[in-house]
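Chemist: Please work from the sequences and hints to get the whole structure.
There are 4 protein chains.
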Amino acid sequence: MPVVLDKTELQDFLDEVFPQLVGEFVVEHVEEMYTEIRLPVAEKHLRPGGTVSGPTMFMLADVAVYAGVLSMIGKKALAVTTSCSLDFMRKPAAGKDLLAKCTLLKLGKMLAVGDVLIYSIGEDKPVARSTMTYSIPPK
Amino acid sequence: MPVVLDKTELQDFLDEVFPQLVGEFVVEHVEEMYTEIRLPVAEKHLRPGGTVSGPTMFMLADVAVYAGVLSMIGKKALAVTTSCSLDFMRKPAAGKDLLAKCTLLKLGKMLAVGDVLIYSIGEDKPVARSTMTYSIPPK
Amino acid sequence: MPVVLDKTELQDFLDEVFPQLVGEFVVEHVEEMYTEIRLPVAEKHLRPGGTVSGPTMFMLADVAVYAGVLSMIGKKALAVTTSCSLDFMRKPAAGKDLLAKCTLLKLGKMLAVGDVLIYSIGEDKPVARSTMTYSIPPK
Amino acid sequence: MPVVLDKTELQDFLDEVFPQLVGEFVVEHVEEMYTEIRLPVAEKHLRPGGTVSGPTMFMLADVAVYAGVLSMIGKKALAVTTSCSLDFMRKPAAGKDLLAKCTLLKLGKMLAVGDVLIYSIGEDKPVARSTMTYSIPPK
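Chains as they are written, first to last, in my numbering: chain U, 1 to 139; chain B, 140 to 278; chain Z, 279 to 417; chain L, 418 to 556.
Some clues are possibly wrong.
[Said to hold, decoys possible] Straight line, CA to CA, 25 angstroms or less: simulated SDA-like cross-link-like pairs of lysine to any residue:
(1) L/526 - B/275
(2) L/542 - U/6
(3) U/125 - L/422
(4) L/526 - Z/328
(5) L/542 - U/72
(6) U/91 - L/490
(7) Z/374 - L/465
(8) Z/374 - L/437
(9) L/493 - Z/279
(10) U/75 - U/4
(11) U/125 - L/518
(12) Z/403 - B/235
(13) U/91 - B/140
(14) L/508 - Z/294
(15) U/75 - B/184
(16) L/542 - U/138
(17) Z/285 - L/436
(18) Z/387 - U/138
(19) Z/403 - B/140
(20) B/235 - U/77
(21) U/91 - L/451
(22) U/101 - L/493
(23) L/542 - U/74
(24) L/492 - Z/285
(25) B/215 - U/6
(26) B/214 - U/74
(27) B/264 - Z/279
Note that these hints are calculated values from the structure, not bench results.
Modeler: Take a look at the structure:
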C-alpha cells in the first residue's frame with residue numbers, strides 16, 4: 001500500500017488546514033504506515049518546572065497520527081480523533097526539540113489506529129507515548 | 140475531607156501559575172472532590188468543520204482535574220499528569236461555551252484520579268469524557 | 279429512547295450467548311442508558327494479596343457495557359469491544375461482591391461508549407473505573 | 418541494566434504465583450526491557466464469531482507486562498496494575514496461538530510502563546495493542 005502524500009505535500013496540506021499552526025510542526029519523514037513529526041520547542045510550550053505542557057504533547061501526538069493517516073488516504077481534512085490514551089513518562093530534555101514517531105497499527109475503511117512515541121531529539125528513552133483512534137469520513 | 144482552596148483562591152492560583160492562560164479558564168464551582176471549569180470558546184479553539192480542537196479539550200480536562208486536586212491538597216504547582224484517556228463523542232454546539240465537570244475518584248498520597256465530562260453549556264449529552272491521573276509531589 | 283430488553287430478557291440472552299459464564303454475572307438493574315451488573319466474587323477471581331484479578335475486573339466492565347448496549351438496541355451478539363481504558367484505584371473489600379454501574383455516554387449507529395464504575399457492594403468509593411467503546415454491527 | 422530473571426526462572430515464578438494459570442502462558446523470550454509471552458489458544462478463550470475474548474487478551478497483555486517488569490526487578494509478586502488502555506484491531510487468525518510482545522518504556526522506582534502488541538503467530542499485523550502501568554512495591 002503506497003504512500004499517497006509525500007513529505008512536502010503533507011507539510012503543505014497541514015499548513016493549509018491549520019494556518020494558525022504554521023511553523024509549529026515539521027514533517028520530517030514519511031513512509032508506508034509510518035511518519036515522523038518534529039516540534040520546535042519554544043517558550044510558550046513550557047510549564048512550571050520547565051516541562052513541555054500536556055496539551056502540547058497531545059497536539060504533537062494528534063498531528064503525527066493525522067499526518068500518518070493522510071499520508072496513506074490523501075487529503076481528507078475531516079478525519080477526526082475519536083479516542084486517545086497518553087502516558088507521560090519523563091521530563092523532556094531542556095532545549096531540545098521533540099520528535100513524534102507514529103506507526104499506524106490499523107488503517108480500516110472507517111477507523112485508523114496510530115501509536116506514537118515522543119522523544120527529545122537525540123535521547124533514546126521516550127518522554128511520552130500515545131495511541132490515537134481516528135474516524136475516517138466516508139468517500 | 141474539606142476543600143482547602145475555594146473558588147476564588149483556585150482561580151487566583153491558576154492565573155498565577157499559568158499567566159499565559161488568564162481568561163481561558165473560569166472556575167465555576169468547587170466542592171469536596173468535585174470541580175466545574177468553563178472554557179469561553181473563541182475562534183482560536185476551532186478546527187475545520189467548526190469543532191473545538193482536541194488539544195483544547197485535552198487542556199480543559201487537564202485543568203479541571205488539576206484544579207480539583209489542588210482544591211483538596213492546596214497550592215502544589217508541580218503536581219503533574221502521568222496518564223490520561225479521552226473519548227470525543229459529539230461535535231460541540233456552535234457558539235456555546237464548554238463546561239468541564241470533574242469528579243475526583245481517588246485522592247491518595249501519591250496518585251490522584253479524576254473523571255471529567257465536558258458539555259456544551261445547556262446541552263445534556265457530553266461532547267467528551269476524560270480520565271486523568273496526577274502524580275502528587277511528596278511534602 | 280426506551281429500553282428494548284428488560285432485566286430478565288437481558289440475563290437470559292447473556293446466559294445464552296456466554297454459556298460458560300452462567301452464574302458469573304447477575305443483571306441487577308436496567309433503565310434507559312444505565313445498567314448494573316453484580317459479580318459474585320469467588321476464590322477463582324482472587325490474586326496474591328487477596329485482590330480481585332485484573333481480567334475479572336475487565337470482564338465485569340466489559341459485560342456491563344455490552345449489557346447496557348444490548349438493553350437499548352436488542353439482541354446483537356456480535357457487538358464487539360474496540361477499545362477500552364481501565365484504572366484500578368483501590369483493593370476491593372474482602373468477602374463482598376462487586377457491582378458495576380454502567381452509564382452509556384453515547385449510543386450512535388456505529389459506535390457506543392459506556393462508562394463504568396465498579397464498587398465493592400456497600401462501599402461508597404469505587405475500586406475501579408473503565409470506559410469501553412463498542413462497535414455495533416450494521417442492521 | 419541486566420535481566421535478573423531469565424526465561425526459565427520467570428516461567429517458574431509465574432507458575433508459582435498463578436497456580437491456576439499453569440499452562441496458559443509460555444515465556445518465549447526475555448531480554449533487557451523486552452519480553453514475549455505465548456498464549457496457546459483453546460476453546461475456552463473463544464467468543465461468538467470465533468474471536469478470542471477480550472478478558473483473555475487483557476490477561477495476556479497484563480501477564481506480558483508483569484513478566485517484563487519482574488524480569489528486570491526480580492520476584493515481587495505484589496506489583497499491581499494501576500491503569501491500562503487496550504485497542505482491539507483485528508480478529509485473530511483461527512487456530513493460531515497468540516504472541517504478546519512487551520516493550521518496557523519506563524521502569525522507575527515506583528511506576529513501570531509497558532507497551533504490548535499482540536499477534537496471531539505468523540501474522541504481521543497486530544490483533545491488539547495495550548499499555549499497562551504497574552505500581553512497584555517499595556523495597
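Chemist: Hint by hint, note whether the structure agrees.
Modeler: Here is how each hint holds up against the structure:
1. L/526 - B/275: 15 angstroms, holds
2. L/542 - U/6: 23 angstroms, holds
3. U/125 - L/422: The given pair, whose Cα atoms are some 23 angstroms apart, holds under the 25 angstroms limit.
4. L/526 - Z/328: 24 angstroms, holds
5. L/542 - U/72: 16 angstroms, holds
6. U/91 - L/490: 23 angstroms, holds
7. Z/374 - L/465: 31 angstroms, violated
8. Z/374 - L/437: It holds: about 22 angstroms lies between the C-alpha atoms, which stays within 25 angstroms.
9. L/493 - Z/279: With a Cα-Cα distance of about 50 angstroms, the restraint between residue 493 of chain L and residue 279 of chain Z is violated, given a limit of 25 angstroms.
10. U/75 - U/4: 9 angstroms, holds
11. U/125 - L/518: The hint holds at about 18 angstroms.
12. Z/403 - B/235: The given pair, whose Cα atoms are some 34 angstroms apart, is violated under the 25 angstroms limit.
13. U/91 - B/140: 32 angstroms, violated
14. L/508 - Z/294: Distance ~22 angstroms between residue 508 of chain L and residue 294 of chain Z Cα, so the pair holds.
15. U/75 - B/184: 22 angstroms, holds
16. L/542 - U/138: Measuring from Cα to Cα gives roughly 24 angstroms; hence the hint holds.
17. Z/285 - L/436: 36 angstroms, violated
18. Z/387 - U/138: 14 angstroms, holds
19. Z/403 - B/140: 14 angstroms, holds
20. B/235 - U/77: 23 angstroms, holds
21. U/91 - L/451: 23 angstroms, holds
22. U/101 - L/493: At roughly 33 angstroms apart (the allowed maximum being 25 angstroms), residue 493 of chain L and residue 101 of chain U break the hint.
23. L/542 - U/74: Status holds; Cα separation ~22 angstroms.
24. L/492 - Z/285: With Cα atoms ~45 angstroms apart, residue 492 of chain L and residue 285 of chain Z exceed 25 angstroms; violated.
25. B/215 - U/6: 46 angstroms, violated
26. B/214 - U/74: 47 angstroms, violated
27. B/264 - Z/279: 14 angstroms, holds
Checked against the numbered hints listed earlier, the structure breaks hints 7, 9, 12, 13, 17, 22, 24, 25 and 26; every other hint is satisfied.
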